[in-house]
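Student: The primary structure of each chain is shown beneath.
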Amino acid sequence: MAAPDEDADLVRSAIGGDDEAFSELVRRHKGTVLRSASRFARNPEELEDLGQETFLRAYRDLRSFRGEAPFGHWLSRITVRVCYDALRKRRREEKDVSLEVLATPVADPSTGNGPSAQLARMILDQAMSRLKPEDRLVITLFELEDRSVREVAELTGWSETRVKVRVFRARQALKRHIGGDDER
Amino acid sequence: MNDKRHDRRDAELDRYFALARQAPPDISGVERNFETRVMARIREGREPWYAWAWRLAPIFLALTILLAGWSLSYSPLHPADPVTMLASGTQEVALLDQLTGE
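The listed protein sequences derive, respectively, from chains A and B.
Just so we're aligned, residue 1 is where the first sequence starts under our numbering, counting upward by one.
Just so we're aligned, residue 1001 is where the second sequence starts under our numbering, counting upward by one.
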């Protein structure tokens, strides 16, 4: 984990034109950024794009980092914004995704092994691709990244109420997609 | 009855999430030398306008060679041909040559 004070020093050096300082910031935070973005990327190429876009925006807006919160938090907000923009952009492309695979049952976590975890992720990915970008963003941060409502609200800039509503709606939709429509 | 079904579906969805959390996507391939690629993009964005001119130099060179080749191969005027000379208005030159005795 990167030390916040050291990060602040590196930010100051990077603003002053020290490329090596910014490179060090990328080295320190790339794991966190890429792990977070990987929940939204469909393939390694898209993950690369999301990661690069995050750090390019961070570099461009470096002067707006005031050091009130750790650099990692500031960067997480940029990551979320970049991923949200990507979700909105591809919304139209994924509307017609096939749901045939969604009926596949997964193993219980207590007995679950590697393949069923992979399968669960694949099924969730497909089901989540049918959600609205806002709902997908919130449910990913809340359920897959295990963040609290407050953290999600801070990262997205939305109110906690809005986050809760989005989580509820996303869960309802996912239950319908994964379990079929017999509820209606 | 309906509540039970709701509970079952919630539990099933939670099971999916729990399993998906266990299998985080593999980022090792993208993580390798990532900072090098980011810094290359940053430097690329900082290039002055004349750097682009240098990049376009081969295209300009190819265009120049093409134009030169075309202008050499396309020569409608053949001074040896009297009909062409007369038609192209060079008869004044020919007359002048005669008058001056050249």
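Just to be clear, a hint being listed does not mean it is correct.
Unchecked claim - Far from chain A, some chain B residues (derived; all Cβ distances over 12 Å):
#1 Gln1022
#2 Ile1027
#3 Ala1053
#4 Leu1067
#5 Ala1068
#6 Trp1070
#7 Leu1072
#8 Ser1073
#9 Gly1101
Stated by the list, open to error - Simulated DEER-style distance windows between Cβ atoms:
#10 A:Asp5 / B:Ile1059: 45 to 55 Å
#11 B:Ala1011 / A:Asn43: 46 to 56 Å
#12 B:Asp1007 / A:Asp5: 26 to 36 Å
#13 B:Ala1011 / A:Lys132: 38 to 48 Å
#14 A:Lys132 / B:Leu1066: 21 to 31 Å
#15 A:Ile15 / B:Pro1024: 40 to 50 Å
#16 A:Arg150 / B:Asp1010: 19 to 29 Å
What the hints assert, rightly or not - Partner residues are not named here, just some residues of chain A that face chain B (Cβ under 10 Å, in silico):
#17 Asp19
#18 Ala37
#19 Leu174
Hints listed in this document are in silico derivations from the structure and should not be mistaken for laboratory results.
Since we're looking at a predicted model, the values are computed, not measured.
Note that CB positions come from ideal geometry on N, CA and C, so glycine has one too.
Student: Against the structure, test the hints numbered earlier, and report the numbers of the ones violated in rising order.
Tutor: The structure conflicts with hints 1, 2, 11, 12, 13, 14 and 15, although it agrees with all the remaining ones.
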